[in-house]
Structures are given as structure tokens and as C-alpha cells.
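Top line first, the protein sequences correspond to chains A and B.
So the first sequence is residues 1 to 322, counted in our numbering.
So the second sequence is residues 1001 to 1259, counted in our numbering.
Possibly wrong hints are sitting among the right ones.
[To be verified] Below are the BS3-like pairs computed for lysine-lysine, each with C-alpha atoms no more than 25 Å apart in a straight line: (1) Lys148/A x Lys1008/B; (2) Lys1080/B x Lys1157/B; (3) Lys1157/B x Lys148/A; (4) Lys1022/B x Lys1157/B; (5) Lys1208/B x Lys1141/B; (6) Lys1141/B x Lys1175/B; (7) Lys148/A x Lys1022/B; (8) Lys1005/B x Lys148/A; (9) Lys1080/B x Lys148/A; (10) Lys1022/B x Lys284/A.
[What the hints assert, rightly or not] Covered by chain A, per the in silico footprint, the following chain B stretches (three or more residues, Cβ under 8 Å): (11) 1027-1036; (12) 1045-1055.
Treat the hints as calculated values from the structure; they're not laboratory data.
The C-beta atom is built at its ideal place from N, Cα and C for all residues, glycine as well.
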Amino acid sequence: MTFLPTELTHHIVIQYLAIAGALLLVAGLALAICRWVLRRPLPGVEQTYRSWWIMLALAMVFVAPGRTTVIVGVTLLSLACFGEFARATGLYRDWWLSGGVWLGILVVAVSSWVSDPRLGTPGWYGLFSVLPAYATAFLLAIPVLRGKSRGQLQRVCLSIVGFLYFGWMLGHLGFLANAEGAQGYLLFLLMAVVLTDVAGFTCGKLLSRVFGRRPLAPEISPNKTWAGFLGALAVALTLPWLLSFSFPPCFGTGPKILLGLIVGLGGQLGDLTISFIKRDLGIKDMGSAIPGHGGILDRCDSLVYVTPLFFHLVRWYCGLGG
Amino acid sequence: MNRDKARKRDQKMTTPSPKSWKYRPYPGYDLPLQERLSSFQRRPEFLVFVLRILSAIVLRFWLRFYHRFRVEGRENLPRKGSFILVANHASHLDVLCLLSAMPLRRLHQTYPAGAADYFFSSLPRSLAAATFANALPFDRKKDSAASLEACQQVLAKPGSVLALFPEGTRAPDGKMGRFRSGIGRLAAGQEFPVVPCYLEGAGRAWPKGRRLPLPGRLLLRIGQPQHFKGTPPSRQGARDIAGDLQGAVADLAETRMGK
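The shape of chain A in the complex, shown without the other chains (with noise of 0.2 Å):
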């Protein structure tokens, strides 16, 4: 069993430090001249900015150590997602389910952590990837043994997704952590969502004002422009080059193509999913978590849907390696 991490590549941490460390300084200095030069403060935005201080130091925190860190950390966030989740939903009204989620999301962490019984390598993938059948017969069989039937399709519904979506998915992020180099991988994906996320606000806000506004989905969520799925597609293209001190040498250009289509289509779609979650919800905010962002969910959404895509593009073209 490996505590420490498989490699340590601490200069990448450090790379991606600098490299966020100069990015917020610099909105930061921007945030400042508003301020103090133009003297049009931004309130709310200036909380958003000291959101991402505190999301940037929890996050090299929690990756920098190692693996188990990562795990720790991950589970924690598929911990704090679910009980947003829950309490949107209602489905926090029933413990039982909850209760048997919440069990999913530790057996998802102690399947990232231990080591294959048989190949001996850091994470047991097999454990780890059948897990959604046992999870759905766990819950399927909640409601039969305590005799209930009203209303129970929809929670074991929600629980279902609930576990899949913010705990088997996201967990994903936890296993990378077993990968060679996982700390490259980690901190891309991280910085490569944020930055998307980013840049299709600064891209909507500012092309739509040249071109037009072209609402992307009016139906789940008005503030989405054609000009700012665009602008985060073309930003999530060019990262992994951008980037790529971050990938072992087997990641050429088909993966990182690849990459860049991943995180630019699919972190839109699950920042949409989201959206269209809490449409049906009719609610704004999934919580008040992060000052400034909304729920923890509501600053996450992209990452929870891009992970597990990303984690098998590297498992495909390098393999998780040990």
C-alpha cells in the first residue's frame, strides 16, 4: 500500500501556483483601479475574488501532500455536493437514503484509496467501477426492507443520482490521484475548468455586446450566450498547449485535441446541467457556501461532469501507470 504520492512532482505544484498566484494578482490589481483609480468599487465582485484566494489555497492544500489528500479532499467535496443536493431536493428528509448515499460516497473513497488485492498497484479500479451496480441495488433495496412504498421512486431516484453524479463521478477525481504524475493531471483539470468557466463570462459579456446577444439555452439558463460558449471552447482548445508542463510525453496532440473538447463542451454542459437542475427545482442558488460563487455546487458543476471523462482519456492514452 502506498501512502506517499506515486511520484512526487512538486514542481508542477509550484508551477500552478505561480501561475494562479500571478492570474488573481492581476485581477486583483484590476479590482484595485476600480477602486481606487476609478473609484467605481465592485462589491460583489470583490468577494467572488476573495472566494478564489481561499478555493486556491484549499486546493493546493489538498493536492500538493499526495494522494491520500486528494482522496480525503475529494470525498469531502462529494460529501459537501450531495448534501447540497439533498437539501434542494428534500431528499434529506429521508435518512435512510441518505444514509445509504452517504455510505456509496465512503466506499467510493475507500475503493480510490486501497490497493488492488490482486495487481498490488495504488486503487482498486475494479471495486471502483462496478460500483454503481451495487450502489443501485443498495438503494433499490432501501425502500423493500423498510416496507415503504409512497413516493420512495422519486427518492431512490434522486439518492441514484445523487450517488452517481456527486459521488461516483466526481470520485473519479479521487482515483486520478493513483495515476503517475497525478498532480499534473489534478491541477489542469482544476485550472483548465476554472479558467473555462471564466472565460465564457468575460467572452459572453463582452462579444455579445459587439455581435449581439444570442441566448445559448433561453430555456435553463437565460445568461448564456452563443458568444460565450464560443469564447470558453476557443480558451479550453488552446489550454493543454498552453499547459502541457503538465503531461508525461505520452499525451500528444490527439489527446490534448481531445482534451480541449472534453473540457470545453462538457463543462458547459454540466454547468447547464446544473441549471436545468435548479430550474426544475425553481430555486436560484443551490447554497450560500463559497461568498460571492453561491453553493458549493454552483462553482463545481463543470467540474462534477468533466472528470470522469477527463480520467479516461488519460487512463486510455497513458494508463493510471504503478
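With chain A's structure known, arrange chain B on it following the hints.
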């Protein structure tokens, strides 16, 4: 009779559910944590549920073996429906003893009213008070009318238990203070009973100002439930109820052990 039951069951089983899903989000799901914790509509989630049960079990062992805690008159607790527990207040142990006297399955419906200005003054305190004690923030200073109103709504949910200390603060010298009339305003003209309790030994075991409790013996006496359905909800009525309950608790205090 049996056939009737079977027909009813068949009917119930074949009546379709409403056509669309009904979501009932957590009341105040998008409020900051501190505000959510100090809401009277707070509801336990799975994690809170687990932590509260575990801490209650540990607490029961602690009280049993460290304080030799005993309960007299447990049969006086109503089995069903909402009710109010009132007790004398000498120490932080009081609320822990009242919670430990309740059956575990009603733990999540038992709400002790805690001073909003003390237990809900910071996030860590609110977290502990809401998670482990299931406390509700009672505003004893500025707007007690609003807090009483909110308590009324809590009691309207069937099976809720509200634990109150009508003295409003811990008695410094072990002598019971005057019961304030808020309890009267809450109970006058209402269906639910009020159960008076007297806790003996808490003031000695954990006096105000001491950091940790001493191993003193604790005894909780639970009295007969009192009904105030006929009392008019007037100022005088409220004062009378407070006086009656103070008398009932004082009587329990004078009961000799084992009588």
C-alpha cells in the same frame, strides 16, 4: 370488518401518486450556515442525525456513571403529542439531563430553548448547540414575542417537545428564581400539556462560572402534566400559569427522595 380493511387497502394501493414529483427544499437552504442553524425551521440531516444520536448515547453513559443520574416519574412524560417541559435552571447540566430523560426516538423532536445571545453568538457555538442539543435560539432580551410565536409553530408540529427554563437564566446560588410569564403566554388556551420537572444537584455539580463539572449526584423528578386549555390568553392568565408552574416545580423540589 376484515373485508372492509382489505377494500380500503386495495383502494389506497391503486390510487395513483400525484403526476409530477414534488420537491420540498430545506427551508432556508440558501441562507448562510449560521442563519440556517439559528432558524426555528431547522431540520436534521443525515450527518446531524448520526452525530446527535451518538453524542446522546455517550452523554447518557456519562451522566449515569459520572453523576449517578436518576429519573423519577418518567411515566409522567406524555407518550404522544406535543408538550412543554419546564424545569429549574441552575447549570448547563440541566438541558443535558432533560435531553437524557427523553426516549432516544424522540430526540430529534426535542427542542431546548437556548439563549440566542449566548448559544448562537458565534458559528462554532451555534454548530454545537444545533447539532448536539438541537437547541432553538430564544431571544430573551429584545424580541421574545417573536421567539414565543416561533415556539408556538414548533409545537404545532405533532410530537414536538419544547424544553424551557422559565427563569430565563441560571440561578446563581441554587435558589430558584421567579418564573417569567412567557411560558404562560405560550401555554394559555392551548391543547398541549406542560410537564414540570425539578433537577436536583446540578447547581452543586456544575456551578455557573466553573469550566468542568464535578461528579455530583443528579436527580430529575418529573411531575404530573398540567393543562391550561381553560386559561384565557390574557396578561393575568399568563402570570397565573407561570405562578402555578413555579409552584409545581417548587413542590417537586420539596418532595423527599424515594417518597
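Evaluation of the provided hints:
no., hint, in the structure
1, Lys148/A x Lys1008/B, "holds, 17 Å"
2, Lys1080/B x Lys1157/B, "holds, 12 Å"
3, Lys1157/B x Lys148/A, "holds, 23 Å"
4, Lys1022/B x Lys1157/B, "holds, 21 Å"
5, Lys1208/B x Lys1141/B, "holds, 20 Å"
6, Lys1141/B x Lys1175/B, "holds, 22 Å"
7, Lys148/A x Lys1022/B, "holds, 17 Å"
8, Lys1005/B x Lys148/A, "holds, 19 Å"
9, Lys1080/B x Lys148/A, "holds, 23 Å"
10, Lys1022/B x Lys284/A, "holds, 17 Å"
11, 1027-1036, "holds (count 5)"
12, 1045-1055, "holds (count 5)"
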